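Heads up: the protein sequence lines correspond to chains A, Y, W and G, in order.
Residue numbering for the first sequence follows my numbering, starting at 76 and increasing by one per position.
Residue numbering for the second sequence follows my numbering, starting at 31 and increasing by one per position.
Residue numbering for the third sequence follows my numbering, starting at 11 and increasing by one per position.
Residue numbering for the fourth sequence follows my numbering, starting at 2 and increasing by one per position.
Read the hints as simulated data drawn from the structure, not as lab findings.
Hints may be right or wrong, so weigh each one.
Simulated pairs of lysine-lysine, DSSO-like, Cα-Cα distance not exceeding 27 Å [as the list claims (entries may be wrong)]:
(1) W:Lys19 to G:Lys277
(2) G:Lys326 to Y:Lys408
(3) G:Lys277 to W:Lys175
(4) G:Lys197 to W:Lys54
(5) W:Lys182 to W:Lys54
(6) Y:Lys408 to G:Lys296
(7) G:Lys320 to W:Lys184
(8) G:Lys218 to G:Lys204
(9) G:Lys303 to W:Lys151
(10) Y:Lys408 to G:Lys218
(11) G:Lys320 to W:Lys182
(12) G:Lys163 to W:Lys38
(13) W:Lys87 to G:Lys320
(14) G:Lys320 to W:Lys38
(15) W:Lys151 to W:Lys163
(16) G:Lys314 to Y:Lys408
(17) W:Lys19 to W:Lys38
(18) G:Lys320 to W:Lys175
(19) G:Lys63 to G:Lys271
(20) G:Lys163 to W:Lys163
(21) W:Lys184 to W:Lys54
(22) W:Lys38 to G:Lys204
(23) G:Lys326 to W:Lys54
(24) G:Lys320 to W:Lys26
(25) W:Lys163 to G:Lys197
(26) Y:Lys119 to Y:Lys189
(27) W:Lys182 to G:Lys313
(28) W:Lys54 to G:Lys320
(29) W:Lys184 to Y:Lys408
(30) W:Lys175 to G:Lys313
(31) W:Lys67 to W:Lys193
(32) W:Lys82 to G:Lys320
(33) W:Lys82 to G:Lys313
(34) G:Lys218 to G:Lys271
(35) G:Lys313 to Y:Lys189
(36) G:Lys314 to Y:Lys358
(37) W:Lys87 to G:Lys326
(38) W:Lys163 to G:Lys303
(39) G:Lys277 to W:Lys103
(40) G:Lys197 to G:Lys303
Keep in mind that this is a model prediction, so the values were computed, not measured.
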Amino acid sequence: MRIAVSDASFTPPRVQGRNTRKGLTTLSMMPPLEFIIKMGIYALMTVCVAGALLSVLFRNLFHAALALTGVLLGIAGIYLALHADFLAMIQVLIYVGAVMTLVIFAIMLTERFGDASLRQFNHQSWAALGGGILLLTFLVRMIQTTPWPVKNQAALASPAVTVVQLGEALLGPYVFPFEIISVILIAALIGAIVVARKDLEA
Amino acid sequence: MEFMDQIFVNLKSTVLTLAGGFLPPWAVILLCAAISLGVIAVIGPVTMMYLTLIERKVLARMQNRIGPNRTGPWGLLQPLADGIKMLTKEDIVPKNADRIVHLVAPILIVIPALLVFAVIPFGKNMIPADLSVGVLYFLSISSTTTIAIFSASWASRNKYSLLGGMRAVAQMISYEIPMVLSVVPILLVTQSLSTGAIVRAQGAYGGWGWFVFTPWGFAAFITFFLCAVAECNRSPFDLPEAESEIVAGFHTEYSGMKFALFYMAEFMNAFTLSALAATLFLGGWQGPWLPSWAWFFIKTYALIFIMLWFRGTLPRFRVDQMMNLAWKFLLPLSLINILVAGFWHFANPPLAIGGSIAMLWASGWIFTRLNRDYTPEKRTYLFGE
Amino acid sequence: MFFGSGVIKGMLVTLKAFAASYFRGPDKGGIFTVQYPEQRLAEKENFRNFPFLVYDKTPDNLRCVACDICAKECPPKCITIVREFDKDNKPLKRPAVFSIDHTVCMNCGICEEACPFDAIFMDHNFEIASTDRQGDLLLQKEALLKSNDYFNKIRPTDASAIDAKRAEAEAKKKAAEQAAAAKAAAAAAAPKLAAAAADKPAVPTEPPKTV
Amino acid sequence: MTTRTNSLKTTMQTSKNYEVRDPQSSIETQTLAINVGPQHPSTHGVFRMNVVLDGEVVTSLKPVMGYLHRNHEQIAENMSYAASMPYTDRLDYFNSMTNNFGWALTVEKLAAIDVPERVEYVRVIMAELTRLVNHVSAIGFLLNDLGAFFTPVLYAFREREKILDIFEEVSGSRMMCNYFRFGGLRRDVTPAVLEKIRGIVNKFPAFLDEFETLLTKNEILCMRCQNVGILPRDLAVNASITGPLLRASGVNYDIRKVDGYSVYNRFEFKVPLGPKGDVYDRYYVRILEMRESLKILDQALKGIPAGEIMAKKMLPFVKSPRNFKPPVGEAYGRVEGPKGELGFYVVSDGTAQPWRYHVRAPSFINLTILEDMCRGQKLADAIVILGSIDIVLGEVDR
Chain A
76 MRIAVSDASF
86 TPPRVQGRNT
96 RKGLTTLSMM
106 PPLEFIIKMG
116 IYALMTVCVA
126 GALLSVLFRN
136 LFHAALALTG
146 VLLGIAGIYL
156 ALHADFLAMI
166 QVLIYVGAVM
176 TLVIFAIMLT
186 ERFGDASLRQ
196 FNHQSWAALG
206 GGILLLTFLV
216 RMIQTTPWPV
226 KNQAALASPA
236 VTVVQLGEAL
246 LGPYVFPFEI
256 ISVILIAALI
266 GAIVVARKDL
276 EA
Chain Y
31 MEFMDQIFVN
41 LKSTVLTLAG
51 GFLPPWAVIL
61 LCAAISLGVI
71 AVIGPVTMMY
81 LTLIERKVLA
91 RMQNRIGPNR
101 TGPWGLLQPL
111 ADGIKMLTKE
121 DIVPKNADRI
131 VHLVAPILIV
141 IPALLVFAVI
151 PFGKNMIPAD
161 LSVGVLYFLS
171 ISSTTTIAIF
181 SASWASRNKY
191 SLLGGMRAVA
201 QMISYEIPMV
211 LSVVPILLVT
221 QSLSTGAIVR
231 AQGAYGGWGW
241 FVFTPWGFAA
251 FITFFLCAVA
261 ECNRSPFDLP
271 EAESEIVAGF
281 HTEYSGMKFA
291 LFYMAEFMNA
301 FTLSALAATL
311 FLGGWQGPWL
321 PSWAWFFIKT
331 YALIFIMLWF
341 RGTLPRFRVD
351 QMMNLAWKFL
361 LPLSLINILV
371 AGFWHFANPP
381 LAIGGSIAML
391 WASGWIFTRL
401 NRDYTPEKRT
411 YLFGE
Chain W
11 MFFGSGVIKG
21 MLVTLKAFAA
31 SYFRGPDKGG
41 IFTVQYPEQR
51 LAEKENFRNF
61 PFLVYDKTPD
71 NLRCVACDIC
81 AKECPPKCIT
91 IVREFDKDNK
101 PLKRPAVFSI
111 DHTVCMNCGI
121 CEEACPFDAI
131 FMDHNFEIAS
141 TDRQGDLLLQ
151 KEALLKSNDY
161 FNKIRPTDAS
171 AIDAKRAEAE
181 AKKKAAEQAA
191 AAKAAAAAAA
201 PKLAAAAADK
211 PAVPTEPPKT
221 V
Chain G
2 MTTRTNSLKT
12 TMQTSKNYEV
22 RDPQSSIETQ
32 TLAINVGPQH
42 PSTHGVFRMN
52 VVLDGEVVTS
62 LKPVMGYLHR
72 NHEQIAENMS
82 YAASMPYTDR
92 LDYFNSMTNN
102 FGWALTVEKL
112 AAIDVPERVE
122 YVRVIMAELT
132 RLVNHVSAIG
142 FLLNDLGAFF
152 TPVLYAFRER
162 EKILDIFEEV
172 SGSRMMCNYF
182 RFGGLRRDVT
192 PAVLEKIRGI
202 VNKFPAFLDE
212 FETLLTKNEI
222 LCMRCQNVGI
232 LPRDLAVNAS
242 ITGPLLRASG
252 VNYDIRKVDG
262 YSVYNRFEFK
272 VPLGPKGDVY
282 DRYYVRILEM
292 RESLKILDQA
302 LKGIPAGEIM
312 AKKMLPFVKS
322 PRNFKPPVGE
332 AYGRVEGPKG
342 ELGFYVVSDG
352 TAQPWRYHVR
362 APSFINLTIL
372 EDMCRGQKLA
382 DAIVILGSID
392 IVLGEVDR
């Protein structure tokens, strides 16, 4: 086996094996590595689910916000594992770096955010449960019916989507969702003010 | 020359080649990552330790003092002594503090500070991980520091901490925006987000094609560096830990090793941000005669020296002035700068140079005029009798 | 001037100081630090720290006559003096106890000023840090006693003036004594006694009688 | 951890003519009551400020003093006149020479003692050197409060050190000088010392220029100081503010000029006045005052005559200060201390101890308007305003 010193040799070197096509070893040829990465993804999933649950269950709003931050970071990790570098970075930059900070700032402006006597359920709980179940079934159905490219080996072998392509796509066919994201950011900003705003009548 | 330049790279590939003789490929890959991680894990804290010594020495020299010189020759063991002191100090947690968050915050703040080392090109072929989204990775990871600072300030249940935390969040969010925008011209010109590619793009004229020598690069460098100083809470933007006002800001209630972690994160941020500034604007490891990694460290430490120099000279901004500088001066300037970079890219050289300098100068002048409230007044002093 | 020029000028000042710290001396903008235990500044002659008691030649010849003036003048009242008595309960002109509490003393120098016998002076020794407040900082007579030579060493100008003054006073007194002795000899016609009086040492173990 | 909104309301009621918050604003935030001090890096000692903040804006500020109370006045009433002299050193421990000056002046007034010419000159020289020491370190500390990390302080202390060396050589002690006596001085000034003072006076302007280059024109300093903590002329006069604080507000009042005590009326110097009365003016007026002090020093060094250093009337009391008994009566003596009018009021009943002794401490009286200057400013400004008043807690609490 020969290790090629690539231009960026501090990154994992390309391992040239005898029985590889195009001189490249793919992950599936190295079961231990594949296993580690799989475990990592499962860990990230656990972090996401646990964080999501905790963010709902914590009484303290600040703790809930921290748990939510964990969820967002976990999702970013999953993106990273799926070779969506750009998306992962944007996820961290926007959600963790900006939105969550604004959310925490908004929490700081509320009174009694750490009050243990706050109720976690109200009369809308049942409606929320119904809505949640509906959403869950919808998502499960969607997952089942989508033709995931994971099963498509050709798609896997193709190089990852570059930032350039992504940029062209964002400002081309997907310009509308792109604008939606900016609307969400504005919403977060306004939300921060709204949370801090006390009803004048009350 | 070439040998010195690539000494670390060759060392690593030798190790990996040797290991490849008896290890399976997947283990070699893991080993490769482990070596990089190990190097970072050593470089980070050691940098921090000696930055504290350098800071104290440089400040002392600026103040007609000697600085620490009792521990070891030239005080070289001082960081070690400090480390031992920090480790053996009592860990005090305030009674009403949120114990878990209080514990987690210093850890949270160190993680991003260490993570960003991954994309810094320490020399030719010496990037731990040449991500295609390197710059974005750096900026996004370092933006998570805000949450850690906020957790620390909130969990301490101290009013000074809270004030410091509020200042820190306001400051870091505000300065992130002009900082990101000041990087955009570089990304436009190099058409890449990878730090390695950005450094390679500055290799013209025998390693002197640094972006800081272009008008837009210079403006972006000033903007970026000011924002970097603000991002790592250093003077004159040290409001979150303003000693004379709010004691120690968000880490008022931290002692012992937890405090050391905050300190470590601050100094590692100072180092990595200087390193990124050197990478983006000062050509990273590009430069003649010396090995590439030497150039990198020279540039980075020069920028760190400027940070220390700021600290030794300048008074602190006030909250509103600090926000004003970010939103009313640096932000519009960096937006204009993107246009200037585009102009530079598409216009003919003489027009490009003159035009972009004129545009930047004019906009700088206009923004200064618009912020007239903050320019010094001329005063005349009368004398009695 | 453009915005920021003041900042840049200020920074040049500190840069100059930084450079000067390597190439210039302390009086030219370089490092001003004196690394204390190894390096010391020259002591000023008038420097005053805690007081001490002066003796001439031997510690028995201390000048203090236990008049208690310094203790009375002392603003924070840190001096304690107890007069010594002989076997017959007759007061002697020397202190049995003379203590100065360094934790109370504020180095004002009034005792030195007020002392009519030039017996108490301000010391130069300032390295008296101690953890034992009663043992080391409440100084007794023995610890306070220092020789006139020491005084001459630390404050030559003052000491020589005082020595001259004392010598003059001594000479005057001797002359007066001699005159008195001569007078007595003439009156009582007892030359033996007069000779004995004249041979008496100048500074006896018993303090000289003040006239 | 935060006070409820009602605490704000009460403070708003107490300060009727000032409203920090826009009543139309619908964003409701809580106020934050914080205790700045008594252990705080920039309260200049054991001083406490009860500050109520709305965000960063100070809505109310109550100074709390007395942590360093040492019963100075009572102690002085229980000991001889001369024995109070070393205690006055410890009032404003930066300026023991001017404190001595004030006390000596008062007793000389009470007992009608004529002071020899040389003594007056030496006193003026020492007082002006003290002013240099005080102003240079006051500015240094002010800049430190502004966040300039110790550089100005250490530059200031470097120069202060040279002057303190003079004090040590003259009086025996660097800070607690105890140098003045009623009708004279503790000891004479040697020609060598005068030569050293001459050297300092010659070199000081260069240092001041350097110091000014460091920060006077600095944009950040101007931003932080200009139009911050404005003290209006009439308020300054009504609150009996004195010293550089008053002159920065544009009131032409300097006791050296008004009283012309000692030999000050023989020297030519001017009184710098500030146009606005903000922190920047206080900073700059101090620098200008130092330059004027240098002028006085220059003239005094040229004009110093030879002669006695103790009034004939007081010679008997040199060795027995306890026997000094001024006639029955009262006297108020005042000097222009570096921080303002330092006055001593003393009533004598003919015994060796004063019957009544009172100190008019400039730091204390200047501190009374702290809240008026700070309300509506940011917390950071409050610290700077406190620094610009230039207090010494030894004098405030006495």
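Here is what the structure says about each hint:
Only pairs whose Cα atoms come within 27 Å are accepted, and W:Lys19 paired with G:Lys277 is accepted, the gap being roughly 26 Å. A threshold of 27 Å between alpha carbons decides the hint, and for G:Lys326 with Y:Lys408 the separation of about 56 Å lies outside it, so the pair is violated. A hinted pair counts as satisfied when its Cα atoms are at most 27 Å apart, and G:Lys277 with W:Lys175 does not qualify at roughly 61 Å. Of the supplied pair hints, the one linking G:Lys197 and W:Lys54 holds, its CA atoms being roughly 13 Å apart against a limit of 27 Å.
For the given pair, W:Lys182 sits about 33 Å from W:Lys54 by alpha-carbon distance, which is inconsistent with the 27 Å threshold. Taking the CA atoms of Y:Lys408 and G:Lys296, the gap is near 25 Å; set against the 27 Å cutoff, the hint holds. Simply put, G:Lys320 and W:Lys184 have alpha-carbon atoms about 25 Å apart, close enough for the 27 Å limit, and the pair holds. Between the alpha carbons of G:Lys218 and G:Lys204 the distance comes to roughly 22 Å, so the proposed pair stays at or under 27 Å and holds.
Using a Cα cut-off of 27 Å, the hinted pair G:Lys303 and W:Lys151 is violated, with the two alpha carbons roughly 48 Å apart. Under the criterion of a C-alpha separation no larger than 27 Å, the hint pairing Y:Lys408 with G:Lys218 is consistent with the structure, at around 10 Å. In summary, the hint linking G:Lys320 to W:Lys182 is supported, as the alpha carbons are separated by about 21 Å, within the 27 Å threshold. A distance of roughly 13 Å separates the Cα atoms of G:Lys163 and W:Lys38; the hinted pair therefore holds under the 27 Å criterion.
Restraint check: the Cα-Cα separation between W:Lys87 and G:Lys320 comes to about 17 Å, which is no more than 27 Å; the hinted pair holds. At roughly 44 Å between alpha-carbon atoms, G:Lys320 and W:Lys38 are farther apart than 27 Å, so this suggested pair is violated. A threshold of 27 Å between alpha carbons decides the hint, and for W:Lys151 with W:Lys163 the separation of about 21 Å falls inside it, so the pair holds. About 54 Å separates the Cα atoms of G:Lys314 and Y:Lys408, which puts this hinted pair outside 27 Å; it is violated.
Using a Cα cut-off of 27 Å, the hinted pair W:Lys19 and W:Lys38 holds, with the two alpha carbons roughly 19 Å apart. Pair hint G:Lys320 plus W:Lys175 holds up; C-alpha atoms about 15 Å apart against a cutoff of 27 Å. Proximity of G:Lys63 to G:Lys271 is assessed by CA-CA distance (about 36 Å); at most 27 Å being required, the pair is judged violated. At most 27 Å may separate the alpha-carbon atoms for a hinted pair to count; G:Lys163 and W:Lys163 meet this at roughly 25 Å.
Between W:Lys184 and W:Lys54, the direct Cα distance comes to roughly 36 Å. Violation of the 27 Å bound is thereby established for this hinted pair. Only pairs whose Cα atoms come within 27 Å are accepted, and W:Lys38 paired with G:Lys204 is accepted, the gap being roughly 11 Å. In summary, the hint linking G:Lys326 to W:Lys54 is not supported, as the alpha carbons are separated by about 34 Å, beyond the 27 Å threshold. With a CA separation close to 53 Å, the supplied pair G:Lys320 and W:Lys26 exceeds the 27 Å bound.
For the hint pairing W:Lys163 with G:Lys197, the CA-to-CA distance comes to about 24 Å; that is within 27 Å, so the pair holds. With a CA separation close to 24 Å, the supplied pair Y:Lys119 and Y:Lys189 stays within the 27 Å bound. Straight-line distance between C-alpha atoms of W:Lys182 and G:Lys313 comes to about 26 Å, which keeps the hinted pair within the 27 Å bound. Our distance criterion of 27 Å between C-alpha atoms is met by W:Lys54 and G:Lys320, whose separation comes to about 24 Å.
As the CA atoms of W:Lys184 and Y:Lys408 are separated by approximately 78 Å, the hinted pair breaks the 27 Å bound. Taking the CA atoms of W:Lys175 and G:Lys313, the gap is about 21 Å. The hint holds against a cut of 27 Å. Taking the CA atoms of W:Lys67 and W:Lys193, the gap is near 32 Å; set against the 27 Å cutoff, the hint is violated. For the hint pairing W:Lys82 with G:Lys320, the CA-to-CA distance comes to about 12 Å; that is within 27 Å, so the pair holds.
With a C-alpha separation of about 24 Å, the suggested pairing of W:Lys82 with G:Lys313 holds against the 27 Å cut-off. A C-alpha spacing of about 23 Å is found between G:Lys218 and G:Lys271, which places the hinted pair at or below 27 Å, so the restraint holds. Between G:Lys313 and Y:Lys189 the CA atoms are separated by roughly 62 Å; this puts the pair beyond 27 Å, and the hint is violated. With a C-alpha separation of about 71 Å, the suggested pairing of G:Lys314 with Y:Lys358 is violated against the 27 Å cut-off.
Restraint check for W:Lys87 and G:Lys326: satisfied, since their Cα atoms lie roughly 20 Å apart, inside the 27 Å limit. Straight-line distance between C-alpha atoms of W:Lys163 and G:Lys303 comes to about 34 Å, which puts the hinted pair past the 27 Å bound. Pair hint G:Lys277 plus W:Lys103 does not hold up; C-alpha atoms about 68 Å apart against a cutoff of 27 Å. This hinted pair checks out: G:Lys197 and G:Lys303 have alpha carbons roughly 14 Å apart, not beyond 27 Å.
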